[in-house]
Amino acid sequence: MIAGAWVCLLSPLAGAVAITVAGGRISRSTAAWISVLTTFVAFAGALVAFFGLWAADPADREQVSTAYTWLASGDIEVQLQILLDTLSSTLMLIVSGVGGLIVWYSMGYMKGDEQERRYFAYMSLFVFSMLMLVEAGNFLLMLVGWGLVGLASYLLIGFWHHKPEAVAAAKKAFVMNAIGDATFALALVLLIWATGTVEFGDVFDQVDSLSSTTVNLVALGLLGGALAKSAQIPLHTWLPDAMEGPTPVSALIHAATMVTAGVYLLVRASPIFEAAPDVQHLAAILGAITLLVAGVIALVQWDIKRVIAYSTMSQIGYMFLGAGVGAYGYAIFHLMTHAFFKALLFMTAGLVIHHLEGEQDIRKMGGLKSVMPRTHVAFAVGGLALMGIPIFSGFWSKDGIVSAAFSSGDALGYTLAAAGLVGALLTGLYTTRLYFAVWRGAQSDLVKEHAHEGHGEGPRSMTIPVGVLTVLATIGGLVVIPGVWEPFLHWIDETAEPLVQATVAEDYALSAVAVLLALLGFFLARHAFEKGRQFVTNPGIWRVLERKLYFDEAYDALFYRPAAALSVALRRNVEEPVVERSLDEIGSGAIQVGGEVGRVQSGLLRTYAIAVAFAVSVLIIVFVAVR
Amino acid sequence: MGNVLVWLVWFVAAAACLGTGMAVVTMTNPFFSALALIGNLASLAVLFLLLSAEFLAAAQVLVYAGAVMVMFLFVVAYLGGRADAPWAGGHRLVRGAAVVAAAALLTEIVVVLGLAWGDNLTDPAEISDSFGDPAQIGQAFLTDHLLAFEITSIVLLVAAVGGVVLGTTPEKEEETA
Amino acid sequence: MDGPDVGWYLIVAAILFGIGALGVMLRRSPLIVLLSLEIMLNAANLTLVAFARQQGNLDGQIFALAVMAVAAAEVAIGLGLIVAMARRRVPLDVDQASALRG
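Residue numbers (numbering that gives the first Met the number 0), protein chains in the order written: chain A, 0 to 626; chain B, 0 to 176; chain C, 0 to 101.
Incorrect hints may have been included.
[What the hints assert, rightly or not] Okay, the calculated beta carbon distance ranges per label pair:
#1 B:A124 to A:F622: 19 to 29 Å
#2 B:G113 to A:V596: 36 to 46 Å
#3 B:L146 to A:V596: 35 to 45 Å
#4 C:D92 to A:G594: 22 to 32 Å
#5 B:T142 to C:Q54: 17 to 27 Å
#6 B:L72 to C:R86: 16 to 26 Å
#7 A:V596 to B:F73: 39 to 49 Å
#8 B:D128 to A:V621: 41 to 51 Å
#9 A:Y607 to B:F73: 20 to 30 Å
#10 A:G593 to C:D92: 27 to 37 Å
#11 A:G593 to B:F73: 44 to 54 Å
Think of the hints as simulated: they come from the structure by calculation, not from any bench.
Computed from a predicted model, the values in this text were never measured in an experiment.
Note that the Cβ used here is the ideal one computed from N, Cα and C, for glycine as well.
So here's chain A without its partners, still in its complex pose (with noise of 0.2 Å):
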């Protein structure tokens, strides 16, 4: 059971070696088939060590495995260990199998790029270190995925490195997060000082006697890292910027796995953050606000990628909402179903933006449907899981996190719930505005240009995956039916308790509320596109709208330019004055030094025999002396 977990985790890291170690001797195509194959493996490992845990005895379903002391410092030790239970162990499989779902998709993508295995193993290498943060047996370890995934993201994100956008993108993503890491590197360090471990369990046990400041700050510290990570307000402009990567990058990393990295840490240290009830409570607000702004923002987007990332940052923000209310299992259980719908979104924006070559503005589409139909189809199951629509798996997710909210009873649990609801209205909105634009209407003179090419949608590699992501966001949110059968939560609970527990009747209540409201949002979005309108006509929202609120340029001017200037300053006022010519005085001071010494070298002989003369009598007197 633990082996399989092993397995997991290595399997990637071996493809990714292997990759690179082989380097130009290996074809393109066969770096592609070890970075599947290797995925592949880490998934049946996941299942292995998932099913060895469902049939072990619900006592025994925490297990930790220890590779050796990696760091023995003083009064502290780290070990190199990995933590097997039904969180992680959910979380594997998520991250291997949607993983290698998406890497085999990419198979058929990157086709004929020249720098293939380069892309391979650069996705070997986040699969690695999404699994190194996900089974991590402590924070430092953690800590280790984390900067690992974050430098996967970048390799991946500007992967094509000859454009400059996406060096850019590359480079704010990594600041970004660096910020992030930044701070949940200080809340490890409050901790060790505070606790003198960073095994999960001993920081847990230990955290009721921690004074209220030190658990504060270090959740303080931790959602700092979960923001940045997981591309919520305030640490949030990356992302759609992100989209300069590859689709499948964005499909992987930006919707599946890396960005809920951030959820999966609320979960993990969810005792920590129990402490810490405000800290707590301020990451569902963000979650809540971040919910509302991207789903504004996405209504005026044009290009397929970014409404899809908004709609992810939206997503997300649902996770942040649940995972901060303590809806635990319901959290965790949307990280799932969002990545496979979302991942299925990507991945068909990724068959369309390959049939039309290239084009990612949605307003020079259209009328796709009959020219890619089996593609309309995942789509719509995509959009209809994201809108909440019942059966699919989001609606059965999603409901479940505004039922959570709306129970915890105060005005923050009703403001929230609210949030919420509005949320699946916007989601309605921007959905089908997206799924009009490319798919109904008219078709567009670019979609003319392509009709006729009879190769079908796209290669098997890419069309199995998609196959299996639309049955999979079919029928995936099936595993909890509230009243009714709940294993999924029940798995997730036994790691981390809920606070809170919706009644049935709340339940379906809300759900029936959240639907309406998503239908809502369908027609009135079917009415404005038939209209030929957009949702937003007034010039001045559209602007601040359109510039994402104006987030970036505000970072710009608080943060880059003060910076900026104080390093022109410092350069020119102290490193060029003091250092360079410092370093120049030293050389010339050792020349002259050298010219006044070699003066002593007369080349006359008196000034030696006088020399001589003065050296002998006080030798004699050092002699004398001794004896």
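Could you slot chains B and C onto chain A? The hints should help.
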């Protein structure tokens, strides 16, 4: 009576030694300096005799006064006017330093001698009449100190070769230059 | 022993050494410098012989003999140098012969 004679001879020889030494160093005409050195060597030979080093005294006169000084005088004659050696200055500091150094050395030696006099410098050892004989010197040189003997001979050989090399004419070098 | 103690000879030798040192350090003609050098060597010889007498050991005299031989060789070379300098029209001034300056 013999004692007084010895003291007298010693005194005269020592005075001559020091006096001619001063003359060598102070005279401007190199010819006179060389002549003064001959006098110095001769008085030294007398002092050697007083110290029972008869062979050495003879060697001193033969080698030094006889050969070395003759060489000097030859060179002085060859150089003629160019050998004139006026007192010229050099920096005042250099001259001062030279005097100080020499004085320091002298003072130190005298002090050391004074310190050691009582223990080491009274009661010289008893010697036989043949102390300092050529036979004894030869015996010692060729048995106990054979290595020194051989090395000295090599040094002389090297000097001879060096002298020949130094004597190559400059004209040939000017032709090839 | 009749006459002065060995120590007096040593005093004479010391003063002679000082005179020679002064000559080496103060005169500018290489010829005179060489002569002063001879005086210093002779002073050393006197010291050696005096100690030989003091200890009743002939080693001092042997040493002095060797010194004499080496001094003779050295004078030969030195004079050769001076003659070579003169032949090449190099001024016979110790202060001007600074070609080996660093």
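Results of checking the hints against the structure:
1. Remark: the range hint 19 to 29 Å for A124 of chain B to F622 of chain A is upheld by a beta-carbon distance near 25 Å.
2. Range check, G113 of chain B to V596 of chain A: about 40 Å between beta-carbon atoms, so the 36 to 46 Å window is met.
3. For L146 of chain B and V596 of chain A, the Cβ-Cβ distance of about 42 Å falls inside the hinted range of 35 to 45 Å, so the restraint holds.
4. A C-beta distance of roughly 26 Å is found between D92 of chain C and G594 of chain A, which places it inside the suggested range of 22 to 32 Å.
5. T142 of chain B and Q54 of chain C have their C-beta atoms about 19 Å apart, which keeps the hinted 17 to 27 Å range intact.
6. For the pair L72 of chain B and R86 of chain C, the supplied restraint of 16 to 26 Å holds, since their beta-carbon distance comes to about 18 Å.
7. Checking the proposed 39 to 49 Å range against V596 of chain A and F73 of chain B shows it holds: the Cβ atoms sit about 43 Å from each other.
8. Checked against the hint of 41 to 51 Å, the C-beta distance between D128 of chain B and V621 of chain A comes to roughly 42 Å, which is consistent with it.
9. Checked against the hint of 20 to 30 Å, the pair Y607 of chain A and F73 of chain B passes, with Cβ atoms roughly 28 Å apart.
10. In this structure the supplied range 27 to 37 Å holds for G593 of chain A paired with D92 of chain C, their Cβ-Cβ distance being about 29 Å.
11. Under the hint 44 to 54 Å, the C-beta atoms of G593 of chain A and F73 of chain B, about 46 Å apart, fit the expected range.
The structure shown violates none of the earlier numbered hints.
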